[in-house]
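*Asks:* Chain by chain, the residues:
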Amino acid sequence: MLKILKGGLQTSVQDLGRTGFQKYGVIASGVMDPFAHRLANLIVGNDERFATLEISLVGPKIQFTEDTLIALCGGDLSPKMDGTAIKMWRMLVMKKDSILTFGEPRIGARCYLAVAGGIKVAELMGSRSTYLRAGIGGFQGRSLAKGDEIHSDEMTPLQVKALKRNSESEFDWLIPPVRYFEEPIIRIIKGKQFDLFNDSSKEQIFTEAFTVSGNSDRMGYRLEGPNLALEKPTELISEAVAFGSVQVPSDGNPIILMADRQTTGGYPKIGQVASVDLPLIAQLKQGQGLRFKEISLVDAQQRLIEQEQHIREIKASIQLKQEEWK
Amino acid sequence: MKASFSPLGDQAIAVELGNKIDEETEKQVRKLSVLLESRQPEWLIEVIPAFTTVSVFYDPCVATYDVVKMEMKELLEQLGEDLPIQSRTIEIPVCYGGEFGPDLEFVAQHNNLTAREVIEIHTSGDYSVHMIGFAPGFPFIGGMSEKIAAPRRDSPRLRIPERTVGIAGNQTGAYPIETPGGWQLIGRTPIRLFRPEDDIPSLLQAGDRIIFKEISERAYYEWEEEQNAENT
Chain A
1 MLKILKGGLQ TSVQDLGRTG FQKYGVIASG VMDPFAHRLA NLIVGNDERF ATLEISLVGP
61 KIQFTEDTLI ALCGGDLSPK MDGTAIKMWR MLVMKKDSIL TFGEPRIGAR CYLAVAGGIK
121 VAELMGSRST YLRAGIGGFQ GRSLAKGDEI HSDEMTPLQV KALKRNSESE FDWLIPPVRY
181 FEEPIIRIIK GKQFDLFNDS SKEQIFTEAF TVSGNSDRMG YRLEGPNLAL EKPTELISEA
241 VAFGSVQVPS DGNPIILMAD RQTTGGYPKI GQVASVDLPL IAQLKQGQGL RFKEISLVDA
301 QQRLIEQEQH IREIKASIQL KQEEWK
Chain B
1 MKASFSPLGD QAIAVELGNK IDEETEKQVR KLSVLLESRQ PEWLIEVIPA FTTVSVFYDP
61 CVATYDVVKM EMKELLEQLG EDLPIQSRTI EIPVCYGGEF GPDLEFVAQH NNLTAREVIE
121 IHTSGDYSVH MIGFAPGFPF IGGMSEKIAA PRRDSPRLRI PERTVGIAGN QTGAYPIETP
181 GGWQLIGRTP IRLFRPEDDI PSLLQAGDRI IFKEISERAY YEWEEEQNAE NT
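Protein sequence lines correspond, in order, to chains A and B.
Under the UniProt record's numbering, the first residue of the first sequence carries the number 1, and numbering increases by one thereafter.
Under the UniProt record's numbering, the first residue of the second sequence carries the number 1, and numbering increases by one thereafter.
For the record, the hints were derived by calculation from the structure and aren't laboratory data.
These numbers come from a predicted model, not from an experiment.
Even glycine gets a Cβ: it sits at the ideal position worked out from N, Cα and C.
It is possible that part of the hints are untrue.
To be verified - Derived coverage of chain B by chain A (criterion: at least 3 residues anywhere in the stretch with Cβ under 8 Å from a Cβ of chain A; other residues may be distant):
1. 2 to 14
2. 53 to 66
3. 106 to 116
4. 135 to 142
5. 211 to 221
As the list claims (entries may be wrong) - Straight line, CA to CA, 30 Å or less: simulated DSBU-like cross-link-like pairs of lysine-lysine:
6. Lys120/A - Lys6/A
7. Lys69/B - Lys20/B
8. Lys120/A - Lys326/A
9. Lys190/A - Lys120/A
10. Lys161/A - Lys285/A
11. Lys293/A - Lys147/B
12. Lys120/A - Lys146/A
13. Lys202/A - Lys190/A
14. Lys190/A - Lys147/B
15. Lys202/A - Lys2/B
16. Lys190/A - Lys2/B
17. Lys61/A - Lys164/A
18. Lys147/B - Lys202/A
19. Lys232/A - Lys20/B
20. Lys285/A - Lys190/A
21. Lys96/A - Lys202/A
22. Lys87/A - Lys232/A
23. Lys80/A - Lys161/A
24. Lys146/A - Lys285/A
25. Lys95/A - Lys80/A
26. Lys2/B - Lys69/B
27. Lys20/B - Lys202/A
28. Lys69/B - Lys190/A
29. Lys2/B - Lys232/A
30. Lys232/A - Lys326/A
31. Lys146/A - Lys80/A
32. Lys321/A - Lys80/A
33. Lys147/B - Lys27/B
34. Lys20/B - Lys190/A
35. Lys87/A - Lys285/A
Generate the whole structure from the sequences, applying the supplied hints.
*Replies:* Right under this line is the structure:
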């Protein structure tokens, strides 16, 4: 069991999100950085679809009431076990009664905590993700707070063996960490309404830098930078949006839609972030900058397929390591 | 039939079936959505119908954009008139005015009508649900009379209680969950529109016909009480 001694800024139960319910207006939710989430699960020997804790900027304080395996992937929020700094991107043994804390956010904004067996909460509409706005799903539909008691599901026999076998708190292998950048270059595919924008906007989107504004959250990242505008005011008919849609409201400041985006929107979309670059945005903090670069649809899909192959390779090498646990 | 395709990023395709909100386009949107969901191509993840578009989320590791587009074109050719589309009619009871509908008077004055006339016009419209979006179970309903159209509030309310029925422009709808919003509020329904525990979490679906029916405050509370009892 995980006893929450402090909730942190926003710590919520998330998985890969809800699919199939957007036509009913139900937002997808799910992790902001799917790559880090999937790796954290794989490292501890979980299915990548299991629920993890998404920890944002100011981490929680958690006491573990029994021995278990954990992994932390994503943004580096200076994790500590009983006061000693611990490493990320590898499997760790959490001993009974030890306490996990976090410190300064060093690089990145969101850290994923995977626990052997996965975070155990009831599924709602096929997912364990917290739908914060509707107050449902995950753990009581909300972020974690002091006093909450979170359970993990049963470990596999292999995970139990791994736990018994290791007296050290750190396993000696790690997954190459993802590099997050101070001012990333985000690749975008031109949006459906790209051609409705005026010439300077069409140019500035790819040449100027943008800054993440304070009004950024799981729903969307609001950006500040050059003012983008349509060639002539056009009233659009609402249609579906996606994770990474870059839409521009009439104030001219683009918004990148993230995990908790609404299902439909009526603002013009100047672009769409390539799926492989979504983690880079999810890990940005307020005040950080970013630049956009064009990518073709074919290239974006190719990169995504390569990323999936990469994950499969990591999975295979983890499985090799797991042989040693037997 | 005429349709244009465009990528919605690298994991979805938007199919546009018309460029204005009308019955014919709406019918095509529904037919395509139903056909896709019954065929379940292996690349399909989910379908989001809207006013004039059907957005289809797919797995690019199974099929690339060009393949999905080609298969969608083939599907479109099969959208004959014979594809049966069932239409449900759903009655939504509304208690108008008072604390449930604080803007009923404003809507009346704005249109030089009495509150009673607004209610009569609102309950006699021929409504259909164009799409569900914005919030879980939130219906965009067409078919409201221009006679009771009203502008959005200058500054949106921070909290609108769930199940409140409102008017914005010539649209009407109801807020399924508590949310901020700028619509003019004319009443409230005791019926839950968002039902997360059900297999289909939204009472309303695109294509449904709607009838608004006036109920008394007493009937409203009885209904609400009954519903709460069922849920505990």
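*Asks:* Are there hints from earlier that the structure breaks, and if so, what are their numbers?
*Replies:* 3, 5, 9, 10, 11, 14, 18, 21, 22 and 30
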